[in-house]
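K.L.:
So the protein lines, in turn, are chains A and B. Numbers in this note's numbering are just positions in the first sequence, counted from 1, shifted up by 5. Numbers in this note's numbering are just positions in the second sequence, counted from 1, shifted up by 15.
These are calculated hints, taken from the structure and not from any lab test. Don't be surprised by glycine CBs; every beta carbon is placed ideally from N, CA and C. Warning: the hint list may mix true and false statements.
Partner residues aside, some chain B positions facing chain A, computed with beta carbon under 7 Å [to be verified]: (1) S68; (2) L70; (3) T102; (4) G104; (5) S110; (6) E116; (7) F117; (8) G120; (9) L121; (10) D123; (11) E151.
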Amino acid sequence: MFIVPNIMTTILSTLGPEFEFMLMLSFPSLMRSVMLLMWILFLIYPISYALQEIRIGHWEIMLSNDVSTWDMMVGMFMGKVPSYGLLVLFAAPVMLTPFVFVFHVSLLGQIIMYLTVFFVALSTLFLSNLITTSIQAKLGESTRGNDIAKALSMVVAVIVIVPMYGLMFFSDALSAILGTDVFLLFPFTWAADIISWSIIIFNDIGLSAELFLGIFTLTALGDLILLLTFTLLIVFIAYISADRIFSFGAGPRTEKITTIGDENRFLAGIKRIYPGPSGVLTVNSIKEFTRKMQNVSRLIYGLIISALLPVILSYVLGSIPADAPEAPAEIRTIILIMTTLMLGMMLALISGVTFGGVGFLESKDQLWIIKSAPDGVRKFAKARIVGSFILIIPMAIIPSIVSAVVFQFSIIEAIAIVAYAYSTTCGAVLLCAGITANNPAYEDQKSSAFIVNTFVSIFALIGILLVSLIVGFVLIIEGGNMILFMLIVSIPMIVVGAIVYAIGVVRMSRPDKN
Amino acid sequence: MSGSIDIQTVGLSKNFGSVVALSNLDLEVQRGSVFGLLGPNGAGKTTAVRILSGLLKQTSGNAKVCGFDVDSQRREIKSATGLLPETPGLYSKLSAVEFLEFIGGLNDMSGELLNKRIDSLMELMGLDERQNDLLESYSSGMKQKVLVASTVLHEPQLVFLDEPTSRLDPAATALVKDLIEAMAKEMDTTFFICTHMTDFAEDVCETIGILNEGILNTLGSPRDIIEQAEAKDLEDAYLKIVGGQVDRSKLLSWRG
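Kindly generate the complete structure, drawing on both the sequences and the hints.
P.N.:
Okay, structure coming up:
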């Protein structure tokens, strides 16, 4: 809180009067955006982190002692305060110094600004803690609960951020319908406005509140009362619902039982095409993978992003002036190459991490069972990869068709995009599964092995794709044709992936030394 | 029993860093017999099973399982044996039938024979009514039954069972006991059972070895061990050999 303001003041003083003028004009709206970001971060991150793995076995031990449910709720909140408090301690000066510097806010004003940020951070963290605990208790420490939780941990950000930004986009229309500023309904707006009021009241440059009355619907006191009421309400809800939240319902006899039906035509078809033990292993591998919500949610997430990519690209390219100097044919080739490469990269990253990372092997105990069969690891690895290659087919085809429709590519061009996307994604899955086989992380997303594997996978994927791309472009410049370019950019991933996977399978097959 | 030897170890040892998990194990187990390895937690039982089933490399010594060398013929050993691991590594998102199909596939089985065996085993284990439910909803005892079924599915010559009854209720324990006895008698299957359930071992095993801190202390039939230790039953003998008998005068001393 001392070093950061000093460094930032030095940097900001070099930006000149234009920056100060811009900040003066837009500071209340800017403050709301800054507080929205902080609010989302403090609300979502703890929820997402806690849902990566539900561990509530210790609740039973605590509650069997003389500990009230409310004490536990407060204790869990207090446990999070030091780490998130430290985050605020670092983030608050970065957020507030530009305003303090430009408006010459007095010491009292600065104290109020910082206290408001801390208060909002704590109240949001309390709300987040309440939501997290409720979800954890509802899902319970079961395989099914953990699976749903992991799926939720991935989509929770989307669930909150997308409507929030959607609201920002449609705020004018909504405000017109509601007859008031729609953002006044959110606590981050009240906090942002309290800080903005502090700037106005305690500034030393003669800034007047009249300039911003159109933005502030409430007075500083009104905002403060709303913020306090909201926080007290959250604490009150937590207090009265603590007993209900910390209740154990799930057990082997009370859990929801899922009974599987007959094999569908698709899976029966695979068994017909691929008969014998290998077909049985592949089909069961596909079943096991696709029944996990966390895998399916990742793939749907990847599919939507990949399908949206050409749409966004088309929107961006639509802003190029019609009389641009490039010839239309050249622009078309660039669009084709860009779409293909971006699609391949996106699918490679998402599929690689999903099929090769978390979805590869569930536990060490499972590995013992697989290893106890003759050539068990090799058979398992083959089934897993064949299953993944089958599941990747729609992943590669759907976004490619979307891009072909959006950019009106020919059938040959569309087939080339599908081929590139499919081969790159298969290579990525081989590579990521190979990395996991070399350093098994199982499904523990908080383990160091998982974090290392994810980083290595992402860097290796991007590295191979970029190097292939550069070599491809060099060859094009030196007179190579498009087919050669496509081969150069797609083959290395498959080759490297296959080698890493083969090494991983051999290493995983070996008897343990420890 | 046919008289041939299914397990033969000579000076088998395993160290994990400075920890000696298994020390100079010399053992012979005859085909068609039921051998029990007793010992407290951390005695080295699971380590012995993992080495013998080809999953773990020994530090020194050698062993032959079903006539195959543990160093150079692991594939053959895995074909001839079945392993029930200590902790269940089931696929939670598969049904019991699908899991057994998966295990069958790993052991090169498929088609009518596999389906028939799965149906019979499910019925035998009393799981036929829930055989199509996902394993995530099974109780630990039910999961253990599925694992027992998966261990014998490919009709192995030698079966390693690591704590087979630790999660089972009395009825299921009796079922496993009967299954072991029937397979050993009718099919000449050899069983190597790790357990710390002395009553189970006394009922089922023909020969028992007591392992403590990696060293095989005692070897013989349950009756011989009880007589040698001058004990009233195997539990009493076990406690005398391994230690752990409670001084009753100190039972409530913790109250201060």
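K.L.:
Please list, smallest to largest, the hint numbers that this structure does not respect.
P.N.:
none
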